[in-house]
Amino acid sequence: MTTQTLTAKAVVPSGGAMNRLMSSVFKQRPKAVTILAGIVLLVITAIAVLAPWLANHDPLALSPANRLKPMSPEYWLGTDAFGRDLWSRIVYGARVSLIVGVGVVVMSIAIGLPLGLLAGYFRGVDAVLMRVMDGLMAIPGILLAIAIVSLTSASLWTVMIAITVPEIPQVVRLVRSKVLSAREEPYVEAAMLMGTSTFTLMRRHLMPSTIAPLIVQGTYICASAILTEAILSFLGAGIGTETPSWGNIMAEGRVYFQLKPSLIFWAGLLLSACILSINLLGDSARDALDPKMKRRNA
Amino acid sequence: MLSYFVRRVLAAIPVMFVVALFVFLLLRLSPGDPAAIIAGDMATPDQLARIRTALGLDRPIYEQFFVWLSQLLRGDFGTSLISQTNVLTMVNQRLEPTISLAIVAIIFTVLIAVPLGVIAAWRHGSFLDNFVMSSSVVGFSVPVFVIGYVLIQIFAIELRWLPVQGFRSLFDGVGPFAQRIVLPALTLSSIYIALIARMTRASMLEVLDEDYIRTARAKGLAERLVLFRHALRNAAVPIITVIGTGFALMVSGVVVTESVFNIPGLGRLIVDAVLARDYPVIQGLILLTAGFYVLINLLIDLSYALTDPRIRY
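The listed protein sequences correspond, in order, to chains A and B.
full-length UniProt numbering numbers the first residue of the first sequence as 1 and each following residue consecutively.
full-length UniProt numbering numbers the first residue of the second sequence as 1 and each following residue consecutively.
With the C-beta cut set under 8 Å, the calculated list includes, among others, these residues of chain A facing chain B:
1) Pro140
2) Ala147
3) Ala223
4) Pro261
5) Ser272
6) Ile275
Worth flagging that the hints you see were computed from the coordinates, not collected in a lab.
Glycine included, C-beta positions come from ideal geometry on N, C-alpha and C.
With the sequences and hints as input, model every part of the structure.
Here's what the structure looks like:
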């Protein structure tokens, strides 16, 4: 009887995080700024998905006769130094940013979550793994990323991997700290006494407590990944210009900046709006999931 | 105290070992022959063989690592493949612009962010507070290079107050130095200002609830003194910690800012090395930056132990 009640209780926290997030999204009226951020993000996602229909030129078509043209009905945002249509390039560039943002979140959590669970649960793993993570964290992310890209050819995949590697220690640390505190909870102790297998214990009882902070951390990782991709491209260590990205559009625009600032301006504006929206959504997710933080970070 | 000091210093050793191992494996585990990567596409078989012997690639991998490590410990960070110069010499030549930039940026940050954070916490919930908090989110979100170009567009191209790019040493005169450092330093400090203003506000909010603040106010102390003498001092620990953990932000900021403003510092050195695939320089710079990061955090931890009597280990 007693054990039954305990199992029933042990199930409770698993749905908690998502429920709280959902109820705060649907029951409370979200702040205007959160709605605005959501709309901006939806528009950018729509641009990325509908790129082939929105672009009125081939983003790669060179047209030397039409170099650095101003805005016109033909070229909505003008052309770049190779006569390529800026609007079409920016529209396709949205794809790279979103793919990198989502891809890095998925990969860093897919690797960081199991490692964090192991480190939080097994003392021996913890000692070794956390020293490795400390070492990894001591290398500034951007340097690690450009080093990885420079060693391999710069494709979308290598850029995503290069951005993911420095993000992993953050995820591992976060998961580990949540697991360490969850282990002290009575429901975990009860499950252990009942002889629940280690795997089930981690999946059913320890992992759920990490979901809420991971949702919040995930949005910040997404924003920072999009930013890092742009920085890599800007420095010339990113995806090649045959795949237009907001970063490499700006990198190419640099040279002609004094002549035509709009080469940097539009991509920079969209990039900033995109990152800002994701950060704002992350802030409101955090406030919804952890009301204690609300006052400090309002 | 001394034992804490020694333990803390010793703890930095495995971290640096992992960093060195990682930097070493980065080149060795990357797909392809490291010698071929280093030599580039135009290498002759003869050149390849020479590089292989020079790197000791014919020996077992653990032996290579320890040879490399012992060279590092003797202060030999290798030689650039392009300029054939010692990596440490190259770093030395590029140190001054980067340090000037970083110091001016930190001064800007402290002068702007700390008062903003204090005032935001003091007038918690007011328009000013909301303004500071929302501009700090914007500061996080706008890429450093976009801020740099916006500043160039306004102050150098439209208003013509300051030069567009470049760097002059402080030793060539304060005027030319200041003219060229203002915009890059503002650019670099933007994200730092956002971070520190937020942290100052959060830390101050916590401290302002304390009893001794109420006591200070009750005894009729001027609000300015309550805020800056009583509250800020006690709120300082997390703020200083952020300066340490924010070092990674500073590095990426320096790399980008130096590229935007054409400043011949360490950031440019690493970008140039990456574009030229000059691996010894990349390895050396990563190791030095990581070492510097570990050192900064070590100093910050030790400074707490020295200055804050409540912290005992």
